[in-house]
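Enquirer: Okay, here's what each chain looks like letter by letter:
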Amino acid sequence: MELDWRSFLLLALFAVPWDSWGSQRDPVTSVMWDYYHERLLGGEAFVFDERVKLSAPPFAEDARQVPIQIDASAFDGQVVRMLAWAELNPIPQIFDFQPGEQVLPRLAIRIRVEQATPLRVAVLTRDGLWHVGSTQIDAAGGGCTAPSVVRAQAGWEEHLGEVLGKRFVLADANRLRVQVAHPMDNGLVGGIPEFFLNQAQLRDRSGNTLASLELFPAVSENPTISLDVKGNVETELWLRDNNGNEFKAEL
Amino acid sequence: MRWILILAALASACVHANPLAYDLQPRQIADGVWLFEGSTDNFSQANGGNIVNTGFIVTDKGVVVIDSGPSRRYGEVMRQAIARVTDKPLLKVMLTHHHPDHVLGNQAFSDVPIAALPGTTALLVEQGDTMAENMYRLVGDWMRGTEVLLPTESLEPGMLEVGGRTLQLLALSGHTGADLAILDVQSGVLFAGDLVFYQRALTTPGTPSLATWLADLDQLQHLPWKQIVPGHGPLASDAAPFAQMRDYLGWLDGVMRSGAEQGAEMNELIRTAIPERFAGVNLSRYELIRSVSHLYPRYEQAAMQRVDR
Numbered sequence: 039m040e041l042d043w044r045s046f047l048l049l050a051l052f053a054v055p056w057d058s059w060g061s062q063r064d065p066v067t068s069v070m071w072d073y074y075h076e077r078l079l080g081g082e083a084f085v086f087d088e089r090v091k092l093s094a095p096p097f098a099e100d101a102r103q104v105p106i107q108i109d110a111s112a113f114d115g116q117v118v119r120m121l122a123w124a125e126l127n128p129i130p131q132i133f134d135f136q137p138g139e140q141v142l143p144r145l146a147i148r149i150r151v152e153q154a155t156p157l158r159v160a161v162l163t164r165d166g167l168w169h170v171g172s173t174q175i176d177a178a179g180g181g182c183t184a185p186s187v188v189r190a191q192a193g194w195e196e197h198l199g200e201v202l203g204k205r206f207v208l209a210d211a212n213r214l215r216v217q218v219a220h221p222m223d224n225g226l227v228g229g230i231p232e233f234f235l236n237q238a239q240l241r242d243r244s245g246n247t248l249a250s251l252e253l254f255p256a257v258s259e260n261p262t263i264s265l266d267v268k269g270n271v272e273t274e275l276w277l278r279d280n281n282g283n284e285f286k287a288e289l
Numbered sequence: 012m013r014w015i016l017i018l019a020a021l022a023s024a025c026v027h028a029n030p031l032a033y034d035l036q037p038r039q040i041a042d043g044v045w046l047f048e049g050s051t052d053n054f055s056q057a058n059g060g061n062i063v064n065t066g067f068i069v070t071d072k073g074v075v076v077i078d079s080g081p082s083r084r085y086g087e088v089m090r091q092a093i094a095r096v097t098d099k100p101l102l103k104v105m106l107t108h109h110h111p112d113h114v115l116g117n118q119a120f121s122d123v124p125i126a127a128l129p130g131t132t133a134l135l136v137e138q139g140d141t142m143a144e145n146m147y148r149l150v151g152d153w154m155r156g157t158e159v160l161l162p163t164e165s166l167e168p169g170m171l172e173v174g175g176r177t178l179q180l181l182a183l184s185g186h187t188g189a190d191l192a193i194l195d196v197q198s199g200v201l202f203a204g205d206l207v208f209y210q211r212a213l214t215t216p217g218t219p220s221l222a223t224w225l226a227d228l229d230q231l232q233h234l235p236w237k238q239i240v241p242g243h244g245p246l247a248s249d250a251a252p253f254a255q256m257r258d259y260l261g262w263l264d265g266v267m268r269s270g271a272e273q274g275a276e277m278n279e280l281i282r283t284a285i286p287e288r289f290a291g292v293n294l295s296r297y298e299l300i301r302s303v304s305h306l307y308p309r310y311e312q313a314a315m316q317r318v319d320r
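Protein sequences, first through last, are from chains C and P. In our numbering, each residue's number is its place in the first sequence (first place is 1) plus 38. In our numbering, each residue's number is its place in the second sequence (first place is 1) plus 11.
Here chain C stands alone, though its shape is the one from the complex:
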């Protein structure tokens, strides 16, 4: 039989999975969504999804250290990857996180923002759909091009890779918080080339990988990171920077 355009429209409406969380309507005002959808998500299927919670303060009090927190535990057990970025940053990408089965799809980290911008985290679930959490932050700006605080301290090289950390018991997980001494140079400050931690893995004591984290230089200097693991398995955090320096911590 022949379908006219009205029938097509009707069919299309029924074909779209209609749930109350996911939608095609962007919750923030963005001029860059299509670009990042293509570039970072390869144009793959996505929904804007309130169940992916991306928290940030309404404004950046210190644009060099903006705390963001991502919670996709609504999809626990189904998460393959989590990508985060700040749309209007000169270096937009923040991290690429693969939580594994023993680590909750939650993460907190501090980032630099250069100006007011939408923030995004895209969570890929096993069914191949990207669930996108969004928020917006206001900023006076300049966080990416501000001179390094770390480099202004004499002898900072001697502290490179030192890790402060602690394990905290939460209701549903153990939270591992770390702060790693590293300048995280992003190449945007005159005369200082890129020098940043770009890889991290959380491992158990047998060396099995529990979670992998790729970092980008939108992450603040002296990165502060929280991961929530299930149960009280003893862990080792392994880190490497783009100059090949490796660092380890036990938590």
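FYI, nobody ran anything at the bench for these hints, they're computed from the structure. Treat each hint with caution, since some may be false.
Derived, one-sided and incomplete: chain P residues facing chain C with beta-carbon distance under 8 Å [to be verified]:
#1 Asn58
#2 Asn145
#3 Val318
#4 Arg320
Beta carbons: idealized from backbone N, C-alpha and C, even for Gly.
Chain C is already provided as a structure; the job is to place chain P on it using the hints.
Expert: Below, chain P alone, put in the same frame as chain C:
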């Protein structure tokens, strides 16, 4: 046709009338002591940054001005208002600290000695231009023509005789690292600067620590004051501002200390419920977000240990 002409005339009158006019009314609070009281709001295009308390003391020989306000325009209006109260010359401007709402009116007093603690001048050299730029962003055209004008004199703590009046100067540090408090001994009026906020949430960029601030409050409260002029908020003649400051600082310290012990994230802490007793303290949520950014890293570090191997 006549109506249209009248309306057009009115409209053009409105356009030509200066919409960015500070309404500064000096209020006498003691013999020779005057206050310009600002609102307890945040900086905005609507208020031109007039969220601050400034004042002046009329001595036998002339006038001592305390803080110059958030913009050149404010400083100019302030100077005109002072001239309506007294025709005595201006002897000195004293700055309580280097924050932009207290010092960016300096240009209006460029022919008068401007005095501050050495630490205040150093902080103004370091941060003044950035803070002034941010003020343009926050309040807009009110700032036109405003630039940082550095102090020309250094103040030391102790008794200062000015024009037959004795001012007790205290060099404290709890709010910014260099905070001047001024007690007019004769009247008992204490210009506390931003060491005291009242009915307005305190701000913490640059505080050495909340403990330092609490110690400063002890010093101030022991002075023989009769009235307190907070840096922000209403004039008080009892110890209520001190009690509120201690309560608020203690709460803020407790929120961050217990947060760090429990592994809380900044984004969790900024959603902490504001206690009912601070309902009358303006901007407490906004300032909590700022204070967590300023101070929580210190609490976090204190709660963690070296774990690298």
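Enquirer: Taking the hints in turn, state whether each one holds.
Expert: Hint check:
A cut of 8 Å between beta carbons decides the hint on P:Asn58: the least distance to chain C is about 18 Å, and the hint is violated. Look at P:Asn145: its Cβ gets to within about 6 Å of chain C, closer than 8 Å, so that hint holds up. With 8 Å as the threshold, the beta carbon of P:Val318 comes within range of chain C, its nearest partner Cβ sitting at about 4 Å, so the hint holds. About 5 Å separates the beta-carbon of P:Arg320 from the nearest beta-carbon of chain C, less than 8 Å, and the hint is met.
Checked against the numbered hints above, the structure breaks only hint 1 and satisfies the rest.
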